[in-house]
Amino acid sequence: MQKGVVVIGGGIAGIQASSDLANRGFKVYLVEKSPSIGGRMAQLDKTFPTMDCSMCILAPKMIECVRHPNVQLLTYSEVKDVKGSVGNFKVRVLKKPRYIDERKCTGCGICAENCPSEAPNEFDENIGMRKAVYMPFPQAVPRVMVIDKDNCLECGLCDNVCPANAVNREQQPEEIELDVGAVIVATGFDVFDPSVIPQYGYKRFQNVITAMELERTLCASGPTGGHLIRPSDGKIPRSIAFIQCIGSRDRRKWINHPYCSSICCKYAVKDAVLIKEHEPDSRITIFYIDMRAFGRGFQEFVNRAKSEFGITFTRSNPGEVSEDPNTNNVVVWFEDPITRTVQHASFDLVVLCPTLIPRKGVEELAKTLGAELDSYGFFKSADAVKKPLDTTVSGIFACGYCVGPKTGDIPDSVAQGSATASRVAEVLARLEVA
Amino acid sequence: MKYAFFLGCLIPAREPGYENSVRKIASELGIELEEMEGANCCAPFSIQSVDYISWLALAARNLCIAENMGLDILTLCNDCYESLLMTNTMLKEDKEIRNKVNEILADVGLEFKGKTNVKIFSDALYEDIGLEKVKNAIKEPFNGLRVAVQPGCHLTKPKRIHFAELAAAAALDDLVEATGAKSITYERKESCCGGPLRGVNDEVALHIAKQKLDGVKAAGADCIVTVCPFCYFELDMGQLEIKRHLNEEHNLPVLHFAELLRMAMGMKLEDWEVRAHRIPLTKILDMKEVK
Amino acid sequence: MSSLDAYFMREVANTPRGRGVLACIQCGRCTSSCLVARVVEEHNPRKLVEMIILGLRSEVLPGPLPWYCLSCFTCLDRCPQGGDVGETMFAIRNLAVREGNIPEGIAAQAQSLFETGRVVTPSRMALINREKYGLGKEPAVNVEAVQKILRKTSFDKLIYRGP
Amino acid sequence: MEEEPRIGVFVCHCGVNIGGIVNVPEVTEYAKKLPFVTYAEHNLYTCSEAGLAAIKTAIKEYNLNRVVVASCTPRTHEPLFRGTCKEAGLNPYLFEMANIRDQCSWVHMHEAEKATVKAKDLVRMAVAKAALLEPQTEPEVEVKDVSLVIGAGVAGMTAALSMANQGFKVYLVDRDKEPGGIVRRLYKLYPTLADSSEVIDPLIEVVKSHKNIDLLTSMTLKEVLGYVGNFHVTLTSSGGDKDIDVGTIIVACGALNYRPPKGLYQYGVYDKVITQEELDGVLKRGNVGEPERIVMIQCVGARKGEIRPSELEAFPRSDTAELLRKILKARKEEGWPYCSRICCMNAIKNAILVKERSPKTDVVILFGDLRVYKEYEDFYRMARDLEVRFVRHIEEVPPEITQRSDGKLEVAAYDALSGLEVKFPTDWVVLSTPLRPRRSEVLLARMLKVPISTDGFLMEAHLKLRPVDTNVDGVFLAGTVSGPKDIPESIISGEAAAARASILMGNRKVVTDAITAVVDEGLCIGCGLCEEICPYGAPKIEDRKSKVREILCRGCGSCAAECPRRAITMRHFGEHQVLAQVKALLMPEA
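Residue numbers (our numbering), protein chains in the order written: chain Y, 2 to 435; chain C, 10 to 300; chain R, 198 to 360; chain X, 188 to 777.
Derived by calculation from the structure, the hints in this document are not laboratory data.
Remember, predicted model here, so these are calculated numbers, not experimental data.
Keep in mind that the hints are not guaranteed to be accurate.
Unchecked claim - Computed list of lysine-lysine pairs in DSS-like fashion (alpha-carbon distance at most 27 Å, straight line):
1) Y/28 / X/273
2) Y/277 / X/301
3) C/124 / C/11
4) X/696 / Y/387
5) Y/4 / Y/34
6) C/104 / Y/254
7) C/277 / R/329
8) X/247 / X/220
9) Y/388 / X/375
10) Y/28 / X/696
11) Y/254 / C/101
12) Y/150 / Y/105
13) Y/204 / C/198
14) Y/4 / X/356
15) C/109 / R/345
16) C/277 / C/191
What the hints assert, rightly or not - Okay, the calculated bits of chain R under chain Y, using three or more residues with CB under 8 Å as the criterion:
17) 217-228
18) 239-253
19) 275-282
20) 318-324
Claimed, not checked - Partial pick of chain X residues on the chain Y-facing surface, computed with a CB cut under 8 Å:
21) 225
22) 231
23) 349
24) 352
25) 650
26) 652
27) 670
28) 686
29) 689
Where a beta carbon is used, it is the ideal one built from N, C-alpha and C, also for glycine.
Okay, chain Y solo, but in the shape it has when bound:
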């Protein structure tokens, strides 16, 4: 058995890094903040271009990863302290109490069925509700419930109905100390809150939603059972507008995300095609600045979206939207790029494509690790060209979106996960020789 490695974050990048390292013979501690691994990819509906259901290709990878004898999974856990240097890190992990005995819980869900308290479902972007005792999603790994103490009424119903006697209200936070040779950070991204730019109407108008909310709505296991309905009246939207670059390519001081997120054009086209497949009669317009369909097969996909699916691409970024108070339709104000005049068009639903931003709390983690962040707040590369995935601390690597929009999409995240595994193996092997 070789030196251990801590992987922080159980999204697709962290899963890939963990699997590769485990298969390479390293002991891997996969530390995930939330109750389940899966990350952002678990929330997506389908993925371009195979249109595989995202969860369907992810689930086997999640299970394969945690079943590996070399992988120890620490969910609902956070890295609190890191000491030492490459080859010899001491990592202190805090395991938060689930108030459920992980060894006993079978994930049958009877507790949740009986729980009287509800809270917004974070996994569904708060569209639907979940219980106070819950599992984030049906394919969660590990398949263990968690009690959300903030919303728990302490009624004790779950204690009584649990057939496995797994509820443990006395559970305390647990500290675990790990001796490892290297650390991989794969903490992913947050989505920019579009209500910061009030003129796009998010949180003001019901029928303005984010792309992530749309993904959950389109997803068969999502809050609407995969039925595309709009929030105001539950009707099927017949006309839908996508607005690109919400908060990205934005240098305004109070927004300050000057980079391009690299993925929004691509997922918007994918979502538009998915909607067309759901509802062939819908009228879809994508408002964009530059259509950034780079990467394998995307340009061809955009061509198809135009010619085959009849999706309208309008090269114009709307400045504002307003609401028709009678219908709750959203009126988009934009410059018609052909007539070069200001037009307004009414849509049943408007989908905003917000930029991806550093995870909340990443500064704190960076401080714990001693690693530097770049001017955007992502993990800084030791060398942007030569060592893109090495952080500024030797022996600590980063992959996935926490290194910023270097990640185009899922395959880039997977490649980065593998690449950091390689970097770890390389660096630790050289230490051994030395």
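Given chain Y's structure and the hints, the job is docking chains C, R and X onto it.
Coordinates of chains C, R and X only, in the frame set by chain Y:
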């Protein structure tokens, strides 16, 4: 508090009621207003459009006068505020341009040193006097009055641009609510009154004013309150023209914020001041009568 | 199509307040936010910047295009690049004035400023009323100083035309 | 088969994916009545931990010796369910899957009743086959801890170095005399504007001196035999051949800059019409001078045309080489349909370099969409601050280039602003061309049996989740061989390929699929048709009999179908098993 009082051109020429209300409030709240001897026009957009350096030099001359008085400037007008604030900020930050301007000012025996600050009436109340003190001065609150606040572009935007600060409009909202009234939200609250296009393209100016008034009307406001004399003029006088040219009647009384505050502090408007409003204030005055 | 002036963008960019023209990524938010553009088809800030980049000097400077802007700065507020179309407009106007393109209203205000130190001068009636209302005399302007400054900047040459 | 089949059937709801259309409980009840079915249940997600636990429990409790799962698709889930059977002590090949989602609920979304009937048919067929399943053993082979990296560009060198540092022996082969690939020929790199030598030289130095790396330059591949863990490769050079034995192969032979055919945008007609690559050379030599204007045209030979259906039809994997040849021919004239990802930044980089050397030069970039993704936005801004002019033109009308009487060139383009033609007199016209696949990939792809994608680049095993693997075990892709990438992206893919190869080599052994062809030597007449048809080179005629090398066989079944004597059968897909399924479909009562 003591300020160098910058009156500008428009207020003495057309809106003496505004000045009157400010002076009355100032004396009630213990604010001293020191006249700026020989001050010139702020150099608004029309002048900025002609020549950049002339604008800066003229605005800087006013700033120098205040500097020599050792006081911060109090303005009553959004355009004066914008011009003086922008100039002050730019000259403080940019050495090159400051030297250029000082070279011109040397001819009139002045030098910009960067020692004054520029405040508009609402900000001065909010930042220097404090919301509490204003609230304490309210004797006859406008409970139930639905006010559409028109902050005006040049109150909020220079700040937002240069200081990334979003609070300027909110300060005015808070002050209006201190009088007991409710500051309602309406479509295009942040948008322009159309005033700057007066004299250049009156028809377009009127259309823009109409869009604004439509939004206010739809939100069910009792009146419009503003700190800007241009917005005041455009929205008040503009309603008559909209009625005449576009055949649409809004009938929304427009008040200077200072007038609203003054009344809430228990000081009645003079007859000549009431008469100066083209859209009658009857509804609002009646409210006071009932009290 | 008029002839192109390749250096027009450079000219604007190097005029005070004109740097914003370089920020443009041609997204169109300025135009779709512009109140004037909704009423006046001819006025289109994004198009104006594109015209500058392309070099359409002879179409931009002489006509009415520089003079529609309200200076409401909505575009400045919305431009994701922190570019200043509203600001750029002043750069274009300054250039237009030098080409002899100055609307009457602007010229009148500028002349008033030069002559009285104010862009708006109170009527006799207003002055009488001031005293009646107890507001005292209107503060006097040091017109001499104003003219000294404006002569130095050659402002007077820009606003008085003709023989 | 001695033991009576005892089949357990697990029907998956897949949330609402299946359960929302197919009546899953009804299908389960139906399954219970089928022959040999001992047990049936339905699960919300059979692939979840709870579902898998239920399978294991049922195997023990009901002493099941066959398992059928009716769910999504074997493509993603078969390994998982097989693994579960194995964990429960059952041979993994005693598992069968009925695809009632991809091939049933998804395609019959609007006809729920019929979908339920079809699901029953599919389950019945799977059960019929399951009853006849036999246990299989997966062959295990040794893996040599030596790797071959083809191509010593930045991706190949990175991959080689990563493996070498992990202690593996690496052969790094390049057709050129010097390592460094396309990057070595570049002048400056975006967005740092550092000399390319700053990146490539240290890498070359380490690679040359590393004790674990055998750098073989001026060499190409002649033949690849063998299979994962045991490739036997013949390299060739002017000096003769060299044979090596390696466990893994990383293909990193890069891509080429598309060179426009003579006449396209007057390229090759006027010598001041050049490509970005050539401008790079001009800048490197310091020859740019102080031209009045340079006009750059984006997407020359990229994002042009669409893949024609005929090209798609030519897609069968067995003939990738032929496909690529056809694609290359068609694309030479009209360019490539994809976006090459790096050209926008390349143009901006060169524009900045020109501006730095000659600030007065007017640099115009004619573009349709500017794809300066990620943090390259800052780089784009830098160019704008240097007064580079970005003019959007109507891409559908290619700009025309003429020479004026004074010798200057003139670019006439339709600008997107007015829709009218505008003319730019200019000293240079610079064409931004895409990276394109190498022609030599034809040979390489054939030797390695790696399929080629419709865009002409080598194809990864799964576009999303296996970006550096190929569908040939032991062969991996790094760098631009699988599509345009910039330098950091190439480095990442090099490291990723190294990680994947190192797993195999570190474990020293690999287990492969048991579904392979079996020859009944009594029936075989040694005609050699199987050898001819097999895309993987598995069968070989020895002593007038076909011998299938299991490790090479991918179980595609081409040989079994082709064999005139029906001497070849497929493990796990025996004729009797398939026919039982057909019979179950056509004669449900039997």
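Checked hints:
1. For the suggested pair residue 28 of chain Y and residue 273 of chain X, the alpha carbons sit about 24 Å apart, so the restraint of at most 27 Å is met.
2. Distance hint between residue 277 of chain Y and residue 301 of chain X is fulfilled; the C-alpha atoms sit about 24 Å from each other, no more than 27 Å.
3. Pair hint residue 124 of chain C plus residue 11 of chain C holds up; C-alpha atoms about 15 Å apart against a cutoff of 27 Å.
4. For the hint pairing residue 696 of chain X with residue 387 of chain Y, the CA-to-CA distance comes to about 32 Å; that exceeds 27 Å, so the pair is violated.
5. Our distance criterion of 27 Å between C-alpha atoms is met by residue 4 of chain Y and residue 34 of chain Y, whose separation comes to about 23 Å.
6. With a C-alpha separation of about 23 Å, the suggested pair residue 104 of chain C and residue 254 of chain Y falls inside the 27 Å cut-off, and the hint holds.
7. As the CA atoms of residue 277 of chain C and residue 329 of chain R are separated by approximately 18 Å, the hinted pair is consistent with the 27 Å bound.
8. At roughly 21 Å between alpha-carbon atoms, residue 247 of chain X and residue 220 of chain X fall within 27 Å of each other, so this suggested pair holds.
9. Simply put, residue 388 of chain Y and residue 375 of chain X have alpha-carbon atoms about 18 Å apart, close enough for the 27 Å limit, and the pair holds.
10. Under the criterion of a C-alpha separation no larger than 27 Å, the hint pairing residue 28 of chain Y with residue 696 of chain X is consistent with the structure, at around 19 Å.
11. Between residue 254 of chain Y and residue 101 of chain C, the direct Cα distance comes to roughly 20 Å. Compliance with the 27 Å bound is thereby established for this hinted pair.
12. Note on residue 150 of chain Y and residue 105 of chain Y: the hinted pairing holds, with a Cα-Cα distance of about 20 Å set against a maximum of 27 Å.
13. Taking the CA atoms of residue 204 of chain Y and residue 198 of chain C, the gap is near 17 Å; set against the 27 Å cutoff, the hint holds.
14. For the suggested pair residue 4 of chain Y and residue 356 of chain X, the alpha carbons sit about 22 Å apart, so the restraint of at most 27 Å is met.
15. Proximity of residue 109 of chain C to residue 345 of chain R is assessed by CA-CA distance (about 15 Å); at most 27 Å being required, the pair is judged to hold.
16. Straight-line distance between C-alpha atoms of residue 277 of chain C and residue 191 of chain C comes to about 21 Å, which keeps the hinted pair within the 27 Å bound.
17. Counting residues of the segment 217-228 of chain R whose CB lies closer than 8 Å to any CB of chain Y gives 8, which reaches the minimum of 3, so the coverage claim holds.
18. Proximity of the segment 239-253 of chain R to chain Y, defined as three or more residues with a beta carbon under 8 Å from a beta carbon of that chain, is established by the 3 residues found.
19. Look at the segment 275-282 of chain R against chain Y: 5 of its residues bring a Cβ nearer than 8 Å to a Cβ of that chain, three or more, so the hint holds.
20. Closer than 8 Å: that is the beta-carbon criterion, and the segment 318-324 of chain R has 0 residues meeting it against chain Y, so the requirement of 3 is violated.
21. At a threshold of 8 Å, the smallest CB-CB gap from residue 225 of chain X to chain Y is about 23 Å, leaving the interface hint violated.
22. Given the 8 Å rule on beta carbons, the hint for residue 231 of chain X holds: about 6 Å separates it from the nearest Cβ of chain Y.
23. Restraint check, residue 349 of chain X versus chain Y: the minimum CB separation of about 5 Å is within 8 Å; hint holds.
24. Evaluation of the residue 352 of chain X hint against chain Y yields a held restraint, the C-beta minimum of about 4 Å falling below 8 Å.
25. The beta carbon of residue 650 of chain X comes within 6 Å of a beta carbon in chain Y, closer than 8 Å, and the hint placing it at the interface holds.
26. For residue 652 of chain X, the suggested interface contact is upheld, since its CB lies about 6 Å from the closest CB of chain Y, less than 8 Å.
27. Hint status for residue 670 of chain X relative to chain Y: holds, with the closest Cβ pair at about 5 Å, below 8 Å.
28. At a threshold of 8 Å, the smallest CB-CB gap from residue 686 of chain X to chain Y is about 4 Å, leaving the interface hint in force.
29. The criterion of a C-beta within 8 Å of any C-beta in chain Y is met by residue 689 of chain X, whose closest approach is roughly 6 Å, and the hint holds.
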